[in-house]
Amino acid sequence: MTDYLVLTVIADDREGIVEQISQTIIQHGGNWMESSMARLAGKFAGILMVEVEPAQHADLEQALAALSAHGIKIIVEQSAPSQEKDADVSCIEIVANDRPGIVGEISTLLASHNVSLISLETFCESTPMSAGMMFYAHTYLQLPEGMTGEQLTAILESLSDDLMVEIVDA
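For the sequence shown, UniProt numbering begins at 1 and goes up steadily by one.
The hints are simulated quantities; they were obtained by calculation from the structure and are not laboratory data.
Please read these numbers as outputs of a predicted model, since none were measured by experiment.
A virtual CB, placed ideally from N, CA and C, is assigned to each residue, including glycine.
Do not rely on the hints blindly, as some may be mistaken.
[What the hints assert, rightly or not] Distance windows between CB atoms, simulated:
| hint | residue 1 | residue 2 | range |
| --- | --- | --- | --- |
| 1 | Ala69 | Asn97 | 39 to 49 Å |
| 2 | Ser112 | Gly29 | 43 to 53 Å |
| 3 | Gly104 | Ser130 | 17 to 27 Å |
| 4 | Thr127 | Ser79 | 37 to 47 Å |
| 5 | Ala154 | Arg14 | 37 to 47 Å |
| 6 | Glu77 | Gly146 | 28 to 38 Å |
| 7 | Gly29 | Ser160 | 46 to 56 Å |
| 8 | Ala66 | Ser126 | 38 to 48 Å |
| 9 | Glu157 | Pro128 | 21 to 31 Å |
| 10 | Glu93 | Met37 | 17 to 27 Å |
| 11 | Ala80 | Ser36 | 16 to 26 Å |
Could you build all of it, start to finish, from the sequences and the hints given here?
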């Protein structure tokens, strides 16, 4: 039997953070399975899943906690391997004029239609033709049974006239 750990990582951004974490995992018999990492406002932020044998679990957790001496804060949560069924997953891109609360509007609308966010990446960028900011989102969504990509597009575009949705991969 294998233990699965989900690690949440935050540190001041600098070279070598991933290397320190990965070496610690390797030294304690762990296997880096999945991850998502980014630099945000001068911080390194990441989430990853590691598998480790139960006999090495406690030592790995202790070694990861010791990385705080190097400015790397890690929260460890025990988990289980994904049991997700093959569901209808859509990859979409959203573009709209930025405004406060846009992520909340989108996520509320999706939740009200039983659409589950698998991943979400967002950023804002100034537009060259005006002084405004544009909101961009790239997301993977698990659609409820029976919902089509066209229905999803119509639901999202109902938020505002300036919101554009493109299905990248259905």
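Against the structure, the hints come out as follows:
In this structure the hint that Ala69 and Asn97 lie 39 to 49 Å apart at CB holds, the actual value being about 45 Å. For Ser112 and Gly29, the hinted distance range of 43 to 53 Å is satisfied, since their beta carbons lie about 44 Å from each other. Here the CB-CB span from Gly104 to Ser130 is close to 24 Å, well matched to the stated 17 to 27 Å. Under the hint 37 to 47 Å, the C-beta atoms of Thr127 and Ser79, about 41 Å apart, fit the expected range.
Between Ala154 and Arg14 the beta carbons are some 45 Å apart, a value that agrees with the proposed interval 37 to 47 Å. Taking 28 to 38 Å as the suggested C-beta distance range, the pair Glu77 and Gly146 conforms, at roughly 33 Å. At roughly 51 Å, the beta-carbon separation of Gly29 and Ser160 lies within the given 46 to 56 Å, and the hint holds. Checked against the hint of 38 to 48 Å, the C-beta distance between Ala66 and Ser126 comes to roughly 42 Å, which is consistent with it.
Our hint of 21 to 31 Å for Glu157 and Pro128 holds, since their Cβ atoms are close to 24 Å apart. Between Glu93 and Met37 the C-beta distance comes to about 21 Å, which sits within the given range of 17 to 27 Å. Take Ala80 and Ser36: their Cβ atoms lie about 19 Å apart, and the range 16 to 26 Å holds.
Violation of the numbered hints given earlier is absent; every hint is satisfied by the structure.
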